[in-house]
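Input sequences plus hints: build the corresponding full structure.
Chains as they are written, first to last, in my numbering: chain A, 1 to 272; chain B, 1001 to 1250; chain C, 2001 to 2328.
Since the hints were made in silico from the structure, they are not lab data.
Each hint should be verified, as a subset may be incorrect.
What the hints assert, rightly or not - Listed below are the simulated SDA-like cross-link pairs for lysine to any residue, each with C-alpha atoms no more than 25 Å apart in a straight line:
1) Lys1079/B x Arg2109/C
2) Lys2312/C x Leu78/A
3) Lys1078/B x Thr2198/C
4) Lys1116/B x Lys2156/C
5) Lys2132/C x Ala254/A
6) Lys2312/C x Ala1146/B
7) Lys1116/B x Arg2109/C
8) Lys2156/C x Ala2091/C
9) Lys2111/C x Leu78/A
Residues per chain are reported as follows:
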Amino acid sequence: MILYVIAVGLSVTMGLMGFINLAHGVFAMAGGFILSYSMERFGVPFPLALVLAFASVSLGSIVLERLLYSRLYSAGELAQVLFTIGLIFVSIALARLVYGTLTAPVFLPDYLTGQVHILGRDFPAYRVFLIAFSAVLIFVLWFGVERTRWGAMVRAAVDHRGMAQSVGINTKRLFMLTFALGSGLAGLGGALGADILPVHWGYPLEHLVYFLIVVAVGGLGSLRGPFVAALLIGIADTACKYWVPELGAFLVYAATIGILLWRPLGLFGVRA
Amino acid sequence: MPFVLQTEKLCKSFGALTVADAIDFRLEAGARHALIGPNGAGKTTFVNMLMGAIAPSSGRILLGGEDVTRISQSARVKKGLGRTFQITSLFRSLPLLDNVALAVAERRGTAHSMWKPASSYEDIIQESTELLATLGLADDARVRVADLPYGKQRLVEIAIALGLKPKVLLLDEPAAGVPSEETEKILGTLEKLPSEIAILIIEHDMDVVFRFARRITVLVQGQVLLEGAPEEVARDRRVHEVYLGEQQHG
Amino acid sequence: MSGYVADPRIRWPEWLPWIVALAAFFLLPEYLALGARILIFILFALSLDLILGYGGIITLGHSAFFGLGAYTAGILSAKLGVNDPHLQLVAAAAAGAALGLATGAVILRTKALTLLMLTLAITAILLEVANKMSSVTGGADGLSGVQVNPLLGLFKFDLWGRTAFLYCLTVLFLGWLVVRRIIYSPYGAMLTGIRENTARMHAIGAPVYWRLVLVYTISGTIAGVAGALLTQVNQFVGLNVLGFEISGELLVMLILGGVGRIYGAFVGPAVYLVAQDYLAKQFPEYWYFGIGALLIVVVLFAPGGILGITDKCLSFFRPKSSARASAH
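The following block contains the structure:
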């Protein structure tokens, strides 16, 4: 489910802006680091640290977007791929310089550790929390996209950018805000998931494939897609590791290839 | 006389929006046929379906009597169907000669050969140069398309299509976007096209249509309103209301 | 560069790389190991340029072919006792071709992100397989014990890397001839057409899909050979030959040199590997930073890479012939 929180932002920004942002994992990593640092150094409580992660990554991404990303909107896929790879390299180098090779320590608050008793079985409290959080998130996002004016504009722009512009929607500002939201969500996801997906300097590269799988399989520009995809991947991964551990992540990759061949636009892809 | 191109009840819908509604269309050999209609009537969609760029929702397309509805675009081209694009679609960073030579090479079946250098294929180069010459473009053979004025680029569109020696040619607004001084050149070229080729031209410019076409089909909201000789169409009141009337007002 | 108006004869500047390489052989004997590595990556970059610079296929998974070739050669020797270098090369080429054909046929029906994604997934699968099948591949420890018999029965691989260097140079030379032929042929012109305007290519009757599958297969073959060379020279295969880092680094090398113009594949790896050899040892943390920053700068300000910049410099001195032609 962490994958979902991180990847949904990517799905929207890629679907909306058509920009192949491979560096999305960088924002997740930043969120994780911010959470860890603020909690460790300044004793910030967990919920506040989450908000801090979201907000600061959002703001940071706006700066990046205005300065760099926006120059490449019409530059073609290769340029975007190269640029974001460059961004990944720069970030992991910076992370290594600043944080060394250690993973960021995470201190979960007491009320989220331990087990929770539901329906007669024990579940790790944190995982339950994550699932609940993701469910709330998807509801909030759905509400935001389907019911608010901002959401309508996003949907219009995803469906037909030129048309949206001629109707008077300020696509530049829309892109910027949506990008900030998407990246902020990534930061939040990285922070939330810091316990499960350890945050360290190699994070953006290590999980790049998974983020892309979730987005590509789920379908660009959709909100439900990455949710379903993340769910499928989580299940497949766990099932595989349980029953056929020798295969490792093989099943996930093979399933990805299969799904993408059957539905090249992803399960819920929007024809951009 | 068998028709070189024919559609039977061709339909296309995007969700709830129907852009083509049971279109029956026939093109004779050597035809000079125009397809007109107001904006959004579905003309370009129709051409895209004929070419195979879009799949129809239902109906059949017959090329030379053969059902090609399921066949890919490149296969239809090999059977003699050619097109030009409304918005110029050329190989912009390549010289003019290459643009045409690519088409000629495809037709001759040598495009996939990897051994001899391309510039040694003198027959292809000669044919391409001659083709350019008939359009008055021979001097620009080595110029990059991107460096040419738009009017000449529209001519290159036609040159590439001719390089395929098509039996049926679909021209999508050949004079679109061209400054009026240069339209004459394009019209002259169209008039000199070989008479064996069946030509379907989509146009908005009524002068071009009435000068060039021997038959006209009027398409409105995906349906064929009328098909007939130019005089018939010009006289028809419905056409005036729907189409020509629109031009008077707007 | 390619096309029907291009002159296919080899111009004198095209002999420069070979002259430089031979000069390096005689003048810089201590650097022959680095030199062989550069030559191998040039071959690898050429294979990528073929599909990326000419065919317009964006891939992050080219290391799949490289790694497969490397492991084929390694397994043949270390596990099956086949030490003949020529056989190893042929086997690696065949493996690369098979993978190229199989994966190309499957993924080239898709575009852009989906295609990119699939190239990553395929490489990830191969990496997983190599990791898990440690009895065959040596797993995370790598495959050692690779032996290579003397070339043509005569030239043994010596400790100073002299044979290795000349061996790689020869294979690269042959690969270069092949790639150059393809690019100047009608097929090469057609590839450029696909890259420039795919829709147009469909409209002139080109079976785009099959043509791309073919070039992808050829590219895979060449990349597989490059991988085998690496194994033969190092007499070792590690998991990193299948990693994303190598795919990414290759992309950087090619962009650095200049895409879509054969010699970018020569300049890029040379500059990158020399710089890496010198700088990465001194300042390892800063290396990735520098490369990342360089990539960003190149993308934003110099998309033609080094050769693009030299082009611009040279055009200051050459008469503007294209301006003359378009003046009428």
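Would you pick out the hints that fail for this structure and give their numbers low to high?
4 and 7
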